[in-house]
Amino acid sequence: MRVPAAPGRWSSNSAAAASASPLFLGLDCSTQGLKAVAVTDDLTVEHACGINFDEALPAFGTRGGVLASGDGSGVVRQPVCMFAAGLELLLDRMQEEGFDFSRVAAVSGSGQQHGSVYLSSDASGVLGGEVASGTAPLAEAVEAALAEPLCPVWMDSSTGRECGAMTRAMGAEALARVTGSRAYERFTGPQIARMARTRAGAVPGWGGVSLISSFLASLVLGGRAPADLSDASGMNLLGLGSRGWDDGCLRACAAASEGALSAERLRELLGDPVPSWSCLGTVSSRLRRRYGLPSGCAAVAWSGDNPCSLAGLRLDRPGDVAVSLGTSDTVIGTTEDASGSADGGVSASDGGSAGADGSAGPPALDGHVFASPTVPGGFMALLCFKNGSLARERVRNAAFAAAGGSADATAEDRWAFFEEALLSGSEDEVGVLLARAIDQPEITPDLPAGDVLLSAGGEALLPAGSDLSAWMTSADRAAAVLRAAVECQVMSMRLAAEARGLRPEGALLVTGGGSRSGALLQLLADVFDVPVMVGETPDSAALGAAFRAKHAVMCKAAGGHVPFGDIGPRPAHRTAARPRAGHAKAFAARLPALQACHDRIRAGTAHAGAAGTV
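If you use the working numbering, the sequence shown corresponds to residues 13 to 626, in order.
Derived EDC-like pairs: lysine to aspartate or glutamate, alpha-carbon spacing no greater than 16 Å straight-line:
#1 K398 <-> D451
#2 K597 <-> E439
#3 K597 <-> D541
#4 K398 <-> D458
#5 K597 <-> D440
#6 K597 <-> E441
#7 K568 <-> D578
Label-pair ranges, simulated between beta-carbon atoms:
#8 R173 <-> R329: 35 to 43 Å
#9 S478 <-> S418: 22 to 30 Å
#10 A593 <-> G470: 21 to 29 Å
Derived by calculation from the structure, the hints in this document are not laboratory data.
Each residue gets a CB set at the ideal place from its N, CA and C atoms; glycine is no exception.
Model the full structure from these sequences, guided by the hints.
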């Protein structure tokens, strides 16, 4: 659940600065920039600041924060020194704005997930020397610690060969059961294998492999920082049951490197991961000297952006689930079940790679499960639906036109039509049509692009290549198709969420631009059969990092883990919709039909005229 980086420079500094209470600083390194959020002991945001990489650091030549190959290979990288330069610039700007670093009790951070940084054999000495205490610019100081100047990031899709090799070595279900995800091109394990395979001559000079989050933690600490368990879960290498590197996954990654790496060497390069609430030491003498951070300021383990967003949204209890409605829709939450399979899969009590031999029920292959950043032995699940607001708007516009709407109508007029169409359907009309509007190949579930329309009896109503507008031959039909397309979007969220063990208890939190639609909120309440709460949490990843900084200090003081809820008051959210009993019952009854629709789409029998259609 990403919060886009603000362009250029932005900041805020509240009147609460007069307070002398300790501050907890959260940093967030996203794809496009760096942000900082400082909170007081009662979790009030006191200061926020941000930079955009393209605008603030143009010398690195990035566009959207990245360097894309442009040759069709799918290679997308970022300059590692840009992270160091950005961190220093961000802290400089905070200092210019009068931020009082002397009040900071702890620093933690969030990094874009999955990216990998390759350290040199001299990295430990460089990080503990010039980076920790030197006077040269941080980007210059860290250069000697890098074996590779560019790091692959989550946008990189060049590792299909490596994903295939890891899947053949482990099996898709076993890999998902052990690590929480099937092999994904953007994940770190396949990235490492490809980097080793294509840079085999450089591998002997590698001194370590860090995640972007743990690399930035190293800059704050002044020494190599370990990966935290939650971000390490996004690598296809960590066993969710054992909470350590899985031998089978390491062997699969080594095999994918085609001899450039051994499993033993890979384990050495990664180091041992730590709980997300670990205090790693104190901040470096460089930061203390330059910014006035106190000598006892704790350097807390960093985590990934999605785990930190989970913390920022305060989704730390089983049944805490949020939906973010945007260009892509996201479902995120805390669960006690790592797989969602009927037979349980990996659980917190498993001693190792439970079920890797196929003894447990098949795990869900869509979405991701990570180790929780806040709960020992707990899990967080993340589901991303690529066809979100843009697909909704396309079908809305087609339905509006088919219903006689003016081409010159305002956006407000179109949204008013959308609201009325969604709210006008009775419970008896739920599932009369099943419609999927898929502009781009969908990832949750894995479906090809193309529109599909089925009748209640399963009859395919659209030929392949047609879009939903072809069936909008009247105003009533247009409204019915629009309603069906959006209903099936939300029903698909529930199917995928429950397959991953996410079942909202008490209420469902909804954020993002789509949360302004009362009809969408009502639909979510009906489909999930719980009240819907709305609330915005700007900069949730940086805010979550600040919350995690406080949590780590509390855990250290207590000599063990304390509940994340003890950090302070939870935000008050507004109840925006409650389920309508008849609609909720009708949606629950149609979920199996939607699952069957998805199966037919994958089988190629969901279009009129296709073999096997009704």
